[in-house]
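Visitor: Sequence:
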Amino acid sequence: LCCVVLCCLFVLFCSVQAFRMSATNQSSSFVRSSSGRSKGTLAERKGLLNNMSMFEQAVPLDESRGQWSKKLDYILSMVGYSVGLSNIWRFPYLCYQNGGGAFLIPYISFLILCGVPLFFLEVSIGQFTSRVGWATIVITLMVSTYFNVIIAYSLMFFFESLTMKALPWSLCGNWWNTENCLDYNNASIYESYMRYRSWERNHSAVDYEDIFSSFVNRTIRSPSEEYFNNRVLNISSGIDNMGGLVNHLIPCLFASWLITATCLIKGVKSSGKVVYFTAIFPYFLLTVLLVRGVTLEGATTGIMYYVKPNFTRLVEPRVWSDAAFQVFFSLGPGWGGLITMGSYNRFDNNCLRDSYILPMIMELTSFFAGFVVFSVIGFMAHVTGKKIEEVVAEGPGLAFVTYPEVVSRMPMSQLWAALFFFMVLTVGVDSVFVMVETAITAAHDELKIKKKLKVKRIYILLGACCFMFVCGLAFITKVYWPVFEFTVYLSLLFIPYNRN
Numbered sequence: 001l002c003c004v005v006l007c008c009l010f011v012l013f014c015s016v017q018a019f020r021m022s023a024t025n026q027s028s029s030f031v032r033s034s035s036g037r038s039k040g041t042l043a044e045r046k047g048l049l050n051n052m053s054m055f056e057q058a059v060p061l062d063e064s065r066g067q068w069s070k071k072l073d074y075i076l077s078m079v080g081y082s083v084g085l086s087n088i089w090r091f092p093y094l095c096y097q098n099g100g101g102a103f104l105i106p107y108i109s110f111l112i113l114c115g116v117p118l119f120f121l122e123v124s125i126g127q128f129t130s131r132v133g134w135a136t137i138v139i140t141l142m143v144s145t146y147f148n149v150i151i152a153y154s155l156m157f158f159f160e161s162l163t164m165k166a167l168p169w170s171l172c173g174n175w176w177n178t179e180n181c182l183d184y185n186n187a188s189i190y191e192s193y194m195r196y197r198s199w200e201r202n203h204s205a206v207d208y209e210d211i212f213s214s215f216v217n218r219t220i221r222s223p224s225e226e227y228f229n230n231r232v233l234n235i236s237s238g239i240d241n242m243g244g245l246v247n248h249l250i251p252c253l254f255a256s257w258l259i260t261a262t263c264l265i266k267g268v269k270s271s272g273k274v275v276y277f278t279a280i281f282p283y284f285l286l287t288v289l290l291v292r293g294v295t296l297e298g299a300t301t302g303i304m305y306y307v308k309p310n311f312t313r314l315v316e317p318r319v320w321s322d323a324a325f326q327v328f329f330s331l332g333p334g335w336g337g338l339i340t341m342g343s344y345n346r347f348d349n350n351c352l353r354d355s356y357i358l359p360m361i362m363e364l365t366s367f368f369a370g371f372v373v374f375s376v377i378g379f380m381a382h383v384t385g386k387k388i389e390e391v392v393a394e395g396p397g398l399a400f401v402t403y404p405e406v407v408s409r410m411p412m413s414q415l416w417a418a419l420f421f422f423m424v425l426t427v428g429v430d431s432v433f434v435m436v437e438t439a440i441t442a443a444h445d446e447l448k449i450k451k452k453l454k455v456k457r458i459y460i461l462l463g464a465c466c467f468m469f470v471c472g473l474a475f476i477t478k479v480y481w482p483v484f485e486f487t488v489y490l491s492l493l494f495i496p497y498n499r500n
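FYI, UniProt numbering numbers position 255 of the sequence shown as 255, with every residue one higher than the one before it.
Accuracy of the hints is not assured; some may be wrong.
Here are the simulated EDC-like pairs of lysine to aspartate or glutamate, each with C-alpha atoms no more than 20 Å apart in a straight line [stated by the list, open to error]:
{"id": "1", "residue 1": "Lys71", "residue 2": "Asp348"}
{"id": "2", "residue 1": "Lys387", "residue 2": "Asp183"}
{"id": "3", "residue 1": "Lys386", "residue 2": "Glu297"}
{"id": "4", "residue 1": "Lys387", "residue 2": "Glu297"}
Quick list of the computed label-pair ranges, beta carbon to beta carbon [claimed, not checked]:
{"id": "5", "residue 1": "Leu462", "residue 2": "Ser236", "range": "29 to 37 Å"}
{"id": "6", "residue 1": "Met164", "residue 2": "Gln97", "range": "30 to 38 Å"}
{"id": "7", "residue 1": "Leu415", "residue 2": "Ile220", "range": "46 to 54 Å"}
{"id": "8", "residue 1": "Arg313", "residue 2": "Phe368", "range": "21 to 29 Å"}
{"id": "9", "residue 1": "Pro396", "residue 2": "Thr163", "range": "19 to 27 Å"}
Keep in mind that the hints were calculated from the coordinates and are not lab data.
Positions of the beta carbon are idealized from the N, C-alpha and C atoms, including for glycine.
Assemble the whole structure, with the sequences as input and the hints as a guide.
Guide: Given below as structure tokens:
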């Protein structure tokens, strides 16, 4: 609790400094022409920087660096960056696990006390200095590398939803299934077991009691779980067995990086237009999925588990730590994305107003997504006869195991599966846009300012995408998860350096 209080005080101190900077910005009455930044204001900005001790070592300002074409481009890009996969697969689980509706109390508290001030601090710094640093490159390169692998999974699920006659994760009996696979749609446990095991002798000679006893002692897995683990990931027996690359994921990973490079080919000029679709369309899909979800049997039970408040959980420190973690994780301070997006704003943009509006949009999206997730989880519990606690999951398991299994039990399952994974694809791509743009912007600025090198931005973009594609191959081996976790924790070590 002492650490939380100290962190809050530090954030408030930083926000006061940022507010003073914003006030100085407003009082200096910088006037802009309709065509962009005027040359006359450059001297004023340099003079103001010289008078502020916080930015005495600021780098020279570059008028040719570029800006957002419209304010809406910036708003949608920020929404696309912060409304990521964690809003869909982590926040609903945390809300359910930590007291339902009561979890909103610590969550909103940290959002107001820490999230909004940090958001304002980073955006205002980026807007004022128009620059990010070298540490940002290291962080975003590592995060983008493994994040695009998740997009590759979404691409594979999306295309197989459209091209296969039936959803491949809906039934057992495929080459990737094991004898532990159980399809709940089958008539009996015994039939499920007998279907997926090859017997060399006549079934009439089998000791059914031994079969049933052997089956009960096994770890039962759903078709969707085995599809994700054995088909998509093709997981090996352990870290000592590398096994090589998963070949069918290579074209998916290449396609994800091709999409990223194409949309960023002209920087924020091009990505600012793409987000009109990638940032807005997920809300349409979430609404469609919610309407479909609430019409399913058992949806009400799932939603009640999600929102029913349990105020006794508020005395537990973990509830508050989970709330703080989710606020920081979803808004993304410390990764360089907010500074980068703010650096393309007009110098006199009202970033204080943006810092009130944008975090609220992002967190309301998280809460809204929870209704979509738990409506179908309630349906899943109803169909399988399980409790909600046994069905709910977090992280990739929710997006690539639980939700696909639920969708496979709906009428017109291929349509709903394609819509869901297309939504995951667009949400993930939005976040990658900002992370890659952050790395490209940082490299371009540092090379131009410190090294006096005039390297075309497109060359940096193509080189970075090729480099990250090659590095991403390490995440599509058969021992993916240990490599993934190592990279996640390693990237966290560079965040303190990014604050300097």
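Visitor: Which of the numbered hints above does this structure break?
Guide: Violated hint: only 7; rest satisfied.
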